[in-house]
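Listed below are the residues making up each chain.
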Amino acid sequence: MEEEKKGTPVTIDVEPVRISAKAHELGEVETGEEVKEEEEKEEE
Amino acid sequence: MAAVLSMYSNAILKAFTGGAAGGVDWDTNAIKMALMTAYTFDEDHATMTAAIAAGTQHAAANGYATGGATLGTKTNTNAAGIITFGSASAVWTATGALTAKYAICYDSVTDTPLFCINLDGAGGDVTATDAAFTITDASGYFSIDVSP
Numbered sequence: 087m088e089e090e091k092k093g094t095p096v097t098i099d100v101e102p103v104r105i106s107a108k109a110h111e112l113g114e115v116e117t118g119e120e121v122k123e124e125e126e127k128e129e130e
Numbered sequence: 006m007a008a009v010l011s012m013y014s015n016a017i018l019k020a021f022t023g024g025a026a027g028g029v030d031w032d033t034n035a036i037k038m039a040l041m042t043a044y045t046f047d048e049d050h051a052t053m054t055a056a057i058a059a060g061t062q063h064a065a066a067n068g069y070a071t072g073g074a075t076l077g078t079k080t081n082t083n084a085a086g087i088i089t090f091g092s093a094s095a096v097w098t099a100t101g102a103l104t105a106k107y108a109i110c111y112d113s114v115t116d117t118p119l120f121c122i123n124l125d126g127a128g129g130d131v132t133a134t135d136a137a138f139t140i141t142d143a144s145g146y147f148s149i150d151v152s153p
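Heads up: the protein sequence lines correspond to chains S and C, in order. In this text, residue positions in the first sequence follow the numbering used here: the first is 87, and each later residue adds one. In this text, residue positions in the second sequence follow the numbering used here: the first is 6, and each later residue adds one.
So that you can see chain S by itself, here it is in the shape it has in the complex (with noise of 0.2 Å):
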């Protein structure tokens, strides 16, 4: 009878990248107010 090849097998487990696209903060809101003074101050 002949001999069973027995193999090397071999599996390569991939880990997925992450691409980050999360909310991010883009700066505080400045007032009516606020903004009236910074272009006050501006002018002087």
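What the hints contain is simulated information worked out from the structure, not anything from laboratory work. Heads up, some of the hints might be wrong.
To spell it out: a stretch of chain C is covered by chain S in this simulated footprint if at least three of its residues, at any positions, have a beta carbon under 8 Å from a beta carbon of chain S; those stretches are [stated by the list, open to error]:
no. : region
1   : 7-16
2   : 46-59
3   : 132-140
Glycine residues also receive a C-beta, built at the ideal position from the N, C-alpha and C atoms.
Dock chain C against the given chain S, drawing on the hints supplied.
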């Protein structure tokens, strides 16, 4: 050492700008995985043709067919703002010793390389002999996180 997966820049670019003819289509187009015996990864390889030219694809021998294996059962899932792309495992049945250092996944319709897998993480040979050579992705190949 664990395998390392790197994305190509054109995979992202063509997802947004490729249009109907040139865009990457994970679901519809034949997505293939090619084995390379030599390669230096460059994220800016714009086409699979260019990527192959920069290295050496495994010869059509030892259970490998030129161009590689077509991925089956491709999936994309969206769970809590995390979109993940995966597929059934890529499997070759080695005849004798099937040896490779890298695998490149690409859209075969638009000739776009998507990602490269450094099989042993260090650019070394990985070999299957008279048995299965398997690349598996239990948690997907890559995901995009748009969660808040």
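These are the hints, each one checked on the structure:
1. 7-16: With 5 residues close enough to chain S, the hint holds.
2. 46-59: The restraint on the region 46-59 of chain C is violated, since only 0 of its residues have a Cβ under 8 Å from chain S and three are required.
3. 132-140: It holds, with 9 qualifying residues against the three required.
Hint 2 from the earlier list is the only one contradicted by this structure; the remaining hints agree with it.
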